[in-house]
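Novice: All chains, full assembly: derive it from the sequences and hints.
Protein chains: 4
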Amino acid sequence: MTQQTIDRIRKFTEDREWNQYHSPNNLAKSIVIEAAELLECFQWNDDEYDLQHVKEELADVLVYSRNLLDRLGLDEDEIVNMKMDQNERKYPVNKAKGNSTKYTDL
Amino acid sequence: MTQQTIDRIRKFTEDREWNQYHSPNNLAKSIVIEAAELLECFQWNDDEYDLQHVKEELADVLVYSRNLLDRLGLDEDEIVNMKMDQNERKYPVNKAKGNSTKYTDL
Amino acid sequence: MTQQTIDRIRKFTEDREWNQYHSPNNLAKSIVIEAAELLECFQWNDDEYDLQHVKEELADVLVYSRNLLDRLGLDEDEIVNMKMDQNERKYPVNKAKGNSTKYTDL
Amino acid sequence: MTQQTIDRIRKFTEDREWNQYHSPNNLAKSIVIEAAELLECFQWNDDEYDLQHVKEELADVLVYSRNLLDRLGLDEDEIVNMKMDQNERKYPVNKAKGNSTKYTDL
Numbered sequence: 065m066t067q068q069t070i071d072r073i074r075k076f077t078e079d080r081e082w083n084q085y086h087s088p089n090n091l092a093k094s095i096v097i098e099a100a101e102l103l104e105c106f107q108w109n110d111d112e113y114d115l116q117h118v119k120e121e122l123a124d125v126l127v128y129s130r131n132l133l134d135r136l137g138l139d140e141d142e143i144v145n146m147k148m149d150q151n152e153r154k155y156p157v158n159k160a161k162g163n164s165t166k167y168t169d170l
Numbered sequence: 065m066t067q068q069t070i071d072r073i074r075k076f077t078e079d080r081e082w083n084q085y086h087s088p089n090n091l092a093k094s095i096v097i098e099a100a101e102l103l104e105c106f107q108w109n110d111d112e113y114d115l116q117h118v119k120e121e122l123a124d125v126l127v128y129s130r131n132l133l134d135r136l137g138l139d140e141d142e143i144v145n146m147k148m149d150q151n152e153r154k155y156p157v158n159k160a161k162g163n164s165t166k167y168t169d170l
Numbered sequence: 065m066t067q068q069t070i071d072r073i074r075k076f077t078e079d080r081e082w083n084q085y086h087s088p089n090n091l092a093k094s095i096v097i098e099a100a101e102l103l104e105c106f107q108w109n110d111d112e113y114d115l116q117h118v119k120e121e122l123a124d125v126l127v128y129s130r131n132l133l134d135r136l137g138l139d140e141d142e143i144v145n146m147k148m149d150q151n152e153r154k155y156p157v158n159k160a161k162g163n164s165t166k167y168t169d170l
Numbered sequence: 065m066t067q068q069t070i071d072r073i074r075k076f077t078e079d080r081e082w083n084q085y086h087s088p089n090n091l092a093k094s095i096v097i098e099a100a101e102l103l104e105c106f107q108w109n110d111d112e113y114d115l116q117h118v119k120e121e122l123a124d125v126l127v128y129s130r131n132l133l134d135r136l137g138l139d140e141d142e143i144v145n146m147k148m149d150q151n152e153r154k155y156p157v158n159k160a161k162g163n164s165t166k167y168t169d170l
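Chains as they are written, first to last, in the numbering used here: chain A, 65 to 170; chain B, 65 to 170; chain C, 65 to 170; chain D, 65 to 170.
I should point out that these hints are in silico values taken from the structure, not numbers from a laboratory. Accuracy of the hints is not assured; some may be wrong.
Same chains, same label: a pair holds when it works inside one copy or across any pair of copies.
Unchecked claim - Listed below are the simulated BS3-like cross-link pairs for lysine-lysine, each with C-alpha atoms no more than 27 Å apart in a straight line:
1. Lys147 with Lys166
2. Lys147 with Lys159
3. Lys166 with Lys154
4. Lys154 with Lys75
5. Lys161 with Lys147
6. Lys166 with Lys75
7. Lys75 with Lys159
Quick caveat: nothing in here was measured; it's all calculated off a predicted structure.
Specialist: Written as structure tokens, this is what we have:
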């Protein structure tokens with residue numbers, strides 16, 4: 065996400081004085097609510113979906129995720145790379161290649 | 065997210081030949097599953113939470129969201145700005161300031 | 065659910081003095097958390113799943129749903145029949161038969 | 065749930081020929097989607113909520129859970145009691161009384 069987009073999201077929240085509602089708990093609820101609306105695009109049919117609707121719901125997930133990063137003062141790249149370190153250890157290529165087994169069963 | 069982090073996520077998937085599992089439907093399921101794990105950090109207590117755990121689960125949401133952007137060939141800034149256009153229209157500052165009422169009830 | 069099973073769930077909560085945690089908000093979070101664990105059984109494969117795991121996660125959804133009914137003093141049959149009244153109106157047989165279109169698009 | 069309510073739910077599905085959409089995977093998606101709509105009643109405020117809305121969304125969770133029990137030929141009391149056996153072992157009264165710590169940390 066560019067700095068300009070991040071700034072727009074922040075200004076949107078500040079202009080409406082919504083930071084008071086953005087507790088980590090409320091934002092975690094919001095992310096799962098939007099993620100479920102994204103899933104609703106695929107509720108009865110895996111392969112046919114309304115792309116515009118998918119874009120809007122995925123955008124909502126990304127906006128609330130950005131709100132939570134901001135609320136907690138986290139750096140997106142830092143936490144994602146920390147998690148990718150873990151993922152690479154949990155799923156070594158030679159074991160995980162071409163299968164979707166959970167790491168606890170690898 | 066920097067290009068370097070995006071490339072790392074892509075390489076992780078490619079090295080494991082996991083693109084075959086990354087249908088939009090499966091990724092939408094994965095985002096909601098990880099979002100619920102994030103919410104679990106706040107299940108019984110809104111204010112005390114394990115920050116390291118929060119970081120890991122939020123990172124998982126962000127990684128699967130990146131996977132879905134890639135799978136659908138979407139540009140993150142484009143879809144977020146499209147949605148922010150909608151949000152700014154749905155929640156005009158003079159009506160939304162300082163209250164959390166849903167736009168359908170504004 | 066038989067009265068005996070309902071009583072067992074209530075006694076489990078009371079013996080552990082967990083009613084203090086069973087706010088409607090916390091129970092709603094818990095239901096979505098367990099529902100996502102149920103979905104995890106189908107994360108990468110729609111058709112092959114661990115039936116024992118499905119049973120356990122569905123049971124968790126049902127137990128927290130019962131906790132919420134209890135917390136709010138609701139009668140399960142009453143609210144389900146109220147909703148079925150709505151569903152039958154929203155999805156008349158002649159329009160809904162054999163298609164999964166959402167009522168707002170029927 | 066009384067047999068009469070169960071029969072009504074089954075007839076609703078059969079009359080609309082919706083059994084074809086009720087794969088376990090689709091029903092698991094549906095349960096989490098409705099559970100998130102239930103959570104939305106508490107998105108920004110834990111304590112003030114629209115009780116009628118809560119009833120409707122909780123009813124949706126219960127109806128889809130019933131659909132999944134039916135689809136898999138499961139007995140609700142059997143799976144709930146099986147899970148309560150596990151819960152009673154994982155959360156012994158003397159350790160769990162008055163605290164909400166997850167069993168893995170007890």
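Novice: Would you mind marking each hint as holding or not holding in the structure?
Specialist: Evaluated hints:
Taking identical chains as interchangeable, the C-alpha atoms of Lys147 and Lys166 lie at most 27 Å apart whether they share a chain (16 Å) or sit on different chains (23 Å). Proximity of Lys147 and Lys159 under a CA criterion of 27 Å is satisfied intra-copy only: 19 Å inside one chain copy versus 33 Å between copies. Within a single copy, Lys166 and Lys154 get their C-alpha atoms as close as 9 Å, and across copies as close as 23 Å, so both meet the 27 Å cut-off. In this homomeric assembly, Lys154 and Lys75 come within 27 Å of each other (Cα to Cα) only across copies, at 15 Å, whereas the closest approach inside a single copy is 39 Å.
Taking the shortest Cα distances, Lys161 and Lys147 sit within 27 Å of each other inside one copy (19 Å), while across copies they are farther apart (35 Å). Taking the closest pair of Cα atoms, Lys166 and Lys75 come within 27 Å of each other only across two copies (19 Å); inside a single copy the shortest separation is 40 Å, beyond that limit. Taking the closest pair of Cα atoms, Lys75 and Lys159 come within 27 Å of each other only across two copies (16 Å); inside a single copy the shortest separation is 46 Å, beyond that limit.
This entry satisfies every hint, going by the numbered hints stated previously.
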